[in-house]
Amino acid sequence: MSLTAMWTHGNSIVVETPASFSSILRAGFGTDMMITAGQQAWTHAAIPTPAILRGKRPKLLRVIILFKTSSARLKEIHLFDSNNRIHEKQTSQGGSLLVQGDFNTFALPSPREISFALGISMRWTHEIAGASAQPQQVFIAAVGADFEIAD
Numbered sequence: 000m001s002l003t004a005m006w007t008h009g010n011s012i013v014v015e016t017p018a019s020f021s022s023i024l025r026a027g028f029g030t031d032m033m034i035t036a037g038q039q040a041w042t043h044a045a046i047p048t049p050a051i052l053r054g055k056r057p058k059l060l061r062v063i064i065l066f067k068t069s070s071a072r073l074k075e076i077h078l079f080d081s082n083n084r085i086h087e088k089q090t091s092q093g094g095s096l097l098v099q100g101d102f103n104t105f106a107l108p109s110p111r112e113i114s115f116a117l118g119i120s121m122r123w124t125h126e127i128a129g130a131s132a133q134p135q136q137v138f139i140a141a142v143g144a145d146f147e148i149a150d
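Quick note on numbering that gives the first Met the number 0: the sequence shown kicks off at 0 and runs consecutively.
Source of the hints: derived by calculation from the structure; they are not laboratory data. Positions of the beta carbon are idealized from the N, C-alpha and C atoms, including for glycine. Hints should not be assumed to be uniformly reliable.
Unchecked claim - The calculated label-pair distances, taken between Cβ atoms and stated as ranges, are:
hint: 1; residue 1: N10; residue 2: K55; range: 16 to 22 angstroms
hint: 2; residue 1: E87; residue 2: A4; range: 17 to 23 angstroms
hint: 3; residue 1: A149; residue 2: F115; range: 15 to 21 angstroms
hint: 4; residue 1: S22; residue 2: F115; range: 30 to 36 angstroms
Claimed, not checked - No more than 30 angstroms apart at the CA atoms, straight line, and that leaves these computed lysine-lysine pairs for DSSO-like:
hint: 5; residue 1: K55; residue 2: K67
hint: 6; residue 1: K67; residue 2: K88
hint: 7; residue 1: K88; residue 2: K74
hint: 8; residue 1: K58; residue 2: K88
hint: 9; residue 1: K88; residue 2: K55
Hey, can you work out the whole structure from these sequences and the hints?
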């Protein structure tokens with residue numbers, strides 16, 4: 000078995016509900032958003048997917064999200080093979096996770112064959128409510144996936 004990693008840059012992130020953010024900036028360094036108090040929002044990353052390598056379909060091992068938040072949290076991750084949801088993970092991560100580590104690497108329980116294209120959906124929350132609550136940062140630098148390739 001061999002491994003291959005595929006990544007997409009953070010400036011390609013798609014925001015499902017832009018109204019949940021007070022600002023969204025796509026720049027050379029990634030996508031920087033300010034989520035409004037009391038809101039939750041989904042963002043999506045399309046990962047370039049090696050559908051067939053050496054005559055075989057790759058198996059997804061894990062996904063990695065390089066991000067930074069102020070008080071906002073990453074609460075949920077959904078993985079899709081085309082339009083089929085293949086995995087979901089509840090979490091509650093925040094802070095500066097701009098390098099790969101245990102808190103921003105999400106392994107599947109077992110390798111999962113990918114037939115078409117990998118999509119990663121991320122649900123972010125700003126759980127502080129009230130008139131004095133300020134928007135909180137969600138910055139995404141990159142999103143990637145590790146695949147296992149049969150020899």
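These are the hints, each one checked on the structure:
no. : hint                               : verdict
1   : N10 with K55: 16 to 22 angstroms   : violated, 32 angstroms
2   : E87 with A4: 17 to 23 angstroms    : holds, 22 angstroms
3   : A149 with F115: 15 to 21 angstroms : holds, 18 angstroms
4   : S22 with F115: 30 to 36 angstroms  : holds, 34 angstroms
5   : K55 with K67                       : violated, 36 angstroms
6   : K67 with K88                       : holds, 19 angstroms
7   : K88 with K74                       : holds, 8 angstroms
8   : K58 with K88                       : holds, 18 angstroms
9   : K88 with K55                       : holds, 27 angstroms
Checked against the numbered hints above, the structure violates hints 1, 5; every other hint is satisfied.
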